[in-house]
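J.: Below, each chain spelled out in residue letters.
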Amino acid sequence: MTTPLTKPEETARRTGRVPRSKAARAGGQRYAGPLAYAVLILFSIGSLFPLVWTAIAASRDNNRLAQTPPPFWFGSNLFHNLKIAWSDANLGKAFFNTTFVAGVSAAAVVFMSTIAGFAFAKLRFRGRGALMLIVIGTMMVPPQLSVIPLYMMVAKLDWTDQLQAVILPSLVSAFGVFFMRQYLLQALPDEIIEAARVDGASSWRVVWHVVFPAARPAMAVLGMLMFVQTWNDFLWPFLVLTQNGNPTVQVAIAGLGRGYTPDQSLIMAGALLGTLPLLLVFAIFGKQIVGGIMQGAVKG
Amino acid sequence: MATRDDTAAPSPKEGGAAPGRSPAAPTEAEQRRRTRLSRRWQRDMRWSPYAFVSPFFLLFLAFGLFPLLYTAWASLHTVELTAPTDMHWAGLRNYTRILDDDFFWNAAKNTLIIGIISTVPQLLMAMGLAHILNYKLRASTFYRVVMLAPYATSIAAASLVFVLLFGRDYGVINWVLHFAGIDAVDWQNSKWPSQTAVSSIIIWRWTGYNALIYLAAMQAIPQDLYESASLDGAGRWQQFFHVTLPSLRPTILFTGVVSTIGASQVFGEPLLFDANKGASGGAEHQFQTLGLYLYEQGWVNQHLGRASAIAWTMFLILVVIGIVNYAISRRLRASSEENRS
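From first to last, the protein sequence lines are chains A and B.
When the letters of the first sequence are read in order and numbered with full-length UniProt numbering, they come out as residues 1 to 300.
When the letters of the second sequence are read in order and numbered with full-length UniProt numbering, they come out as residues 1 to 341.
Derived from the structure by calculation, the hints contain no laboratory data.
Mixed in with the good hints, there may be bad ones.
[Unchecked claim] One side only, chain A facing chain B, incomplete, derived with CB under 10 Å:
1. G33
2. V39
3. F120
None of the values given here were measured: they were computed from a predicted structure.
Cβ coordinates follow ideal geometry from the N, Cα and C atoms, glycine included.
Chain A on its own, in the form it takes in the complex (with noise of 0.2 Å):
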């Protein structure tokens, strides 16, 4: 009711009234009713709940939490808990070791998806279809497949608990590739590409000065999904690097929960920092982040 309906036909539309307009409101047209929005606030209650309930827990002791009924509001240990958590579990290395983890990589990740995937919608050359099917069937291999030939490189090259280990086969993004094909056959016009050819440019001053700024939002946009992905990634730096080595956040706080009598607050506190700094990426971003995922939905 209070968006602001100056034309008549959205009114009538609104109301239903003229059967004409009943076609015209069918599918993503029609306003939602309270019961959607009951369905809504219940499913983002759902979302939220654990999130929240991290932090609540992450501000109580152990003895609060073996108690009837759990708690429902914070208590007063957040900060001593963090501080714990913080040094048990190696996170301050953690932190640094993943942030530049998933920056070199989602980097890498975004530049090389970018040129391949301006080659692939705009440029012709032999094998093209093959190569870029694939691309495609290379997103249908499970990467559980590699993990025990590249724990046996990581062996032989002495590479356990160093970071390199973790950002090389991270590097391998079909979905990248896919994503960046996809906005640039619609997001780059032929005539840009054909106008700086007259101009002389090479194939490489294309890239630099016309195929880089035209993709700049969906770099954007891979940049950040591929970052969260590396960010959370579990099983390959569970498998090549140690808690008290050289862990990733994931790594870290996985290693939290073992142990006989754990110190559950603790464990929330730790899980609470793990997925602090990608909520606020989320909050800042998430617009965008949302547009980018539909964005590479559809296009298919």
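Assemble the complex: chain A is given as a structure, and chain B must be docked to it using the hints.
T.: Showing chain B alone in chain A's frame:
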């Protein structure tokens, strides 16, 4: 192909500078300079596309294809974790060992069950959510971002929290259930509850993400499809089943494939759901998935060869599922086209 390459893109340039079009005939030196330039141009046109795609493919060869094939090779050998380069030929023994192992079949069954009870409700709820998000909403961006918050949460963090929420004695979920008159459920140690709990972590993390993908596909459906359906007298539900769902079929297939692959690899959630039991997936292996079984064989029992055999078995299962999936979707498409004609 080559001639097409040469004429396709550079034509504007040559068109502008070609000798035939310019009124004055160029000198010989000028012409030589031009051929040299155009030769460099041709080389650029022909090879730079390959240069652009090569970083991806080189990395893919090193960290994708090579490991894939090497896993197959390693699965035919006895390899110990402590000496991964020391391989002894074992033929198919790793495979027979696995197929004789009850824990393999247990893990396969658990993976299937967890896969179904995590994927099916997840995608159904995502579809419903997407339908609602497709209404005209106030604060629509807010809801979308909130639905995506679990996706931002890592497997490790989410699993640790859910372990507490699902606690038998002091967990929030049992506390809520007791109001409904349900006695404390032992979410960790009994079979079905533990599998449900592990699945719920997956559902929680991925429902919002899939909803956004469905929403994007719904928004891409042309409006006139609905208009003509409505003119034909189709109600809301009929429109949903006859316009929305058929248009979403490729997207549903896509999310189905991605979720199936994801479900076949479930690892972190069951590993952390009982951190002290670790790789065994609960005291009685009640929620040990294939991913966890692979880890147990390779890194706890230190048989990398056997773990490789598990990996390839999983891959073959996926390929079979993929083929069945493809066949079904083709059959469906064929039958729906028959109906239409």
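J.: Next step is simple, just say for each hint if it's right about the structure.
T.: Status of each hint after checking the structure:
no. : hint : verdict
1   : G33  : holds (8 Å)
2   : V39  : holds (6 Å)
3   : F120 : holds (7 Å)
The earlier numbered hints are all upheld by this structure, with none contradicted.
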